[in-house]
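Trainee: Read off the chains here:
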Amino acid sequence: MPKKIVITGNHAAAYACKSVGVEVVAAYPITPQSPVVEKISEFVEAGEMKKFNTQFVCVESEQSAISGVIAASATGCRVFTASSANGLAYMFELLCWAAGSRLPVVMCIAMRGLGAPWTVWTDHQDAFSVRDVGFMQQFVESNQEIYDTVLMSYRIAEDPRVYLPSFVSYDGYILSHTMMPVQIEDDDKVAEFLPALKPHTDLTNMGTRPGLNPVTPPDLTIRPEGNTPGYYEFRYSMQKAHENAFEVIEEAAKDFARIFGRSYGNGIYKAYKADDAEILIFAVASVASESRGVVDRLREEGLKIGLISLKLFRPFPVKHLREAFSQANLVVVFDRDIGYGHEGILAYELKAALYPAEHRPIIRGFIVGLGGRDITPEDLIGGVKKAISEKDDRNVQMATHTDFIGLKLEQLGFTKGGD
Amino acid sequence: MIEIIIYGRGGMGAVTAGKILAEAAILSNNYPEVSAFPSFGTERRGAPVMAFCRISDEPIWTRAQIQQADYVIVLDETVFGNHVIDRIKTGGALILNTWKCPEDVRNMYDFGDRKITIVTADLTQIAFDLKLLNRENQPIVNTSVLGVIAKSSIKITLDDAKNAIENKFGKSTKTDLNVKAANMAAEQALVEEVK
Amino acid sequence: MVIKVKDLPEEEYILPGTRMCSGCGLQIAYRWALKALGPNTIVCNPASCSTVTGGVGGYTPIKVPVMYDCFETVAAHASGVSAALTAKGKDKETVVVAWAGDGGTYDIGIQGLSGAAERRSNFIYVCYNNQAYMNTGIQRSSATPFGAKTTTTPIIGKAQVNKNMFKIMRAHGLSYIATCASGYPQDLFEKFQKAREFNGKGVRFIEILSSCPPGWGHKVNESVEVTKKAVESGYWPLMEVIEGKLVISNPSKKYLDKSKRKDVRDYLKMQSRFKHFTEDDYKVWEQYIDDLWQELKWELEKQSDL
Amino acid sequence: MLSSRQTAAIGEAGKTGTWRTMKPIMHDEKCIMVKTGKLSCLLCWMFCPEISVNRTIPPTFDYDYCKGCGVCANECPAQAIEMIPEKENPSCESDEGGN
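Residue numbers (the UniProt record's numbering), protein chains in the order written: chain F, 1 to 419; chain G, 1 to 195; chain P, 1 to 306; chain V, 1 to 99.
Note that these hints are calculated values from the structure, not bench results. Some clues are possibly wrong.
[Unchecked claim] In silico lysine to any residue, SDA-like type, Cα no more than 25 Å apart, as pairs: (1) F:385 x F:374; (2) F:4 x F:188; (3) P:219 x V:75; (4) F:3 x G:169; (5) P:90 x F:45.
[To be verified] For the chain G half of the interface with chain F, some residues (derived, Cβ under 10 Å), not all of them: (6) 53; (7) 63; (8) 91; (9) 102; (10) 186.
Here a beta-carbon is modelled for each residue, glycine too, at the ideal position from N, C-alpha and C.
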């Protein structure tokens, strides 16, 4: 019997590992991800994962954590790791390695602001900082969605059309430490959804003696034995794999809904009251879930407003977003992150995606809630109203400064110039 | 949606109280959606802490901290004060662990003319009476408070509270003691009549 | 008992026509290590000379599975392979080897190695020590010995004595630790067989003094001779620590007697990296060797007292 | 193609025999193994870094891949191996090799 339990987001991730039968876990604690590591060790020590003979490698750093799971994945095992912020940054080199080796590593990010100055609280800067390492990247809004998305991520990552690692990112504390009801599914149902791993590389396969060699010449070399693959071509094939991922993700989302009766939009984005909306909010994760109540409140005021909550950030669903925004006149983007020297990352990615579209809405971006500054519905309503009032102001549209919501400059002794 | 803030001190189990409350809410079948979370910070033993809980029959999408709650539960009277009263919605309720009666509380603090129901129960005394103490010989009050909640207008019964406590701690004599404390708290709680 | 050359196995695990330098000491060591370990071996290889020599593109001269990884992570990597083998129930038959250079061991990789050693991950860690970052063009490492010229100690040579990795690994309480030299394939062969027998007993650490003709500046044909001189002078004692007990290996045993040790100048003078040495520099080396053996002797005496 | 998988091959770096400037030749009459008629000494085979000495009596060289380092000649206890200039005694066809 599937059971509904009240657990934190971190524990939801750990339960998902148990459900999918992860064979090797290597992880290093960091706030706010630590309880994931603790819970999995508890499962392993209590013998609850004996069926899979799960090995927990208690490494001495994040770098070793990701390195260990890369190696185990190349040895044909289903693997998992998790991190946050500076730990994630410490993994950076190996993240590229996992993707370049096309290993279906699934990894959770309990999102947290990157130091300095130190913060343990949430924003999305860490997750967005690793957007170009080659991982697929999904954002979630609830603990149930964490559990479900980890399940889906394995299916997508291990699909032979994809073979790419995947991030599942959720807000530190806001989900990681918040208890919510989560339905834990039966193993046989999970097995129906997620087939056994068919690794493309298995170092134990002595018969064929495959090595995994990342050293490639810059140009295709014709040798007596045949062609030698080149680095550039590998990059191309990675890009193709990302492009293939869309159909795999949509299939997985459909199958997930059929088997478990839950769904998250089309698996790519979740639309909320968007059908007739002239104004759309665009956000991810905690900001998106906070926006739902905001949409309800503003609808009561008579505004035709909706929400596009982006679930899949990498690959970036350009085609789907062009469709999603084809009716809107105004898009308000709330970024809990910033591309320093430019603007919110979601905002500029969306602008680029819609630039060639036939219908181009006005896109207005705001920065919110960095380093865990609480985002209240009033903050978001203020942003939407400001965007509406300045919608036709050409000067505002042409301006290059970035709007921050919820700053307390004077209270904290800063000047307007940030000094 | 009902919003609840729990005040306590680090080590008293305010966060656990939130979690058990959320569990009990689920078990009641009246509130299929819950979310319980600590005030996000580094918890230090003895320092004032806050925990938050939302229970609802509809999906909960807000992730913001609760500014003003329908119910404010205070596990330790020494953290109580006007700043706590400010966090109670008009029409809401205060549940305070104290030996005082609601009338005394109203007189001692500045409630102004706000319409707030005051509920008091001497959870600390109940814990001492039952020898319900933690490893540091501190009285355990984060479970018995569920009994007081069961007496409030929140649709959670004493049975739900009992089941939630058993789910959390497993069946044992200590758990039984916790349940007993909740029952006693339910009996002894004093609810102020709102004029 | 030293194994006879004719009894060494014929099966090769490295195929000729490799990318390694002419006369490379690493290649002799790699060849005999793999021969000792046999076909059920998985090699993990961080950035180092052996990465490039493992082949460029789709082909490799190495006949056992090799997975390459980042410079600093080979020990964690081997831990991952080892954990995966345990999960699959294949940890008994297959041996995992981390094959790293001195840069990847002494410097950037020491954290991962120490972590793996402490948690008793199950693999053989090999440091082929050619005493500098040879793959990037002979820059100093913390394994570079006193006085050696490298491209980052280009004029006066390295001012510091090298780190003592052997002692550092001993402090981790490993089941098996050994030193080898690329000029002693038989000794190396036997030690790798022994390390294989310790499968299941955590990290086994083997350090190989590996000659490098371009880095050390010796003649290519003297690649074997140079490490022999290192051993004969007493500079590089071949030894083992088995379950904590120190054993001096046969080729080095006689150098407990100082009078049997050959002049270290013969070793140093073969190499252009020491060409600038003055009498004082030689004396530092002589003192280093004396101290080294004094310490070994003390320990052996202490052991026999027990 | 998924990732950089490898297959084992002889001559991964091409015919490395072309790297050679000096070439080993065996003076069979001096070889210990020829003298004794037994597979005994084999030091040239053992020390060869490039696996280019064949384990035969007398040992022979794989000139396709021998890089001419001369370790074998240096280590031969009977001085049976002589290094001679490759140029005057070519034994390997030019090959572009790897890169």
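Trainee: Taking 25 Å as the top limit, are the C-alpha atoms of residue 385 of chain F and residue 374 of chain F close enough?
Mentor: Holds. Residue 385 of chain F to residue 374 of chain F sits at ~19 Å (cutoff 25 Å).
Trainee: Holds or violated: residue 219 of chain P and residue 75 of chain V, Cα atoms, limit 25 Å.
Mentor: Measuring from Cα to Cα gives roughly 13 Å; hence the hint holds.
Trainee: Against the 25 Å threshold, does the CA-CA distance of residue 90 of chain P and residue 45 of chain F hold or violate the hint?
Mentor: holds, 21 Å
Trainee: Just to be careful: measuring from the Cβ of residue 53 of chain G to every Cβ in chain F, is the smallest value less than 10 Å?
Mentor: Holds, because the Cβ-Cβ distance from residue 53 of chain G to chain F comes to roughly 9 Å (cut-off 10 Å).
Trainee: For the pair supplied as a hint, residue 4 of chain F and residue 188 of chain F, is the alpha-carbon distance within the 25 Å limit?
Mentor: Roughly 17 Å separates the two Cα atoms, so the pair holds.
Trainee: Holds or violated: residue 91 of chain G as interface residue toward chain F, Cβ cutoff 10 Å?
Mentor: Nearest chain F Cβ about 20 Å off; hint violated.
Trainee: Per the CB criterion, is residue 63 of chain G less than 10 Å away from chain F?
Mentor: Since the shortest Cβ distance to chain F is 5 Å, the answer is holds.
Trainee: Let me know if the C-beta of residue 102 of chain G comes in closer than 10 Å to any C-beta of chain F, holds or violated.
Mentor: Hint violated; residue 102 of chain G Cβ to chain F Cβ min 30 Å, cut 10 Å.
Trainee: With chain F as the partner, please determine if residue 186 of chain G meets the hint condition of a C-beta pair closer than 10 Å.
Mentor: violated, 22 Å
Trainee: Tell me if the straight-line CA distance from residue 3 of chain F to residue 169 of chain G falls inside 25 Å.
Mentor: This hinted pair holds, its Cα atoms lying about 18 Å apart.
When held up to the earlier numbered hints, the structure conflicts with 8, 9, 10 and fits the remainder.
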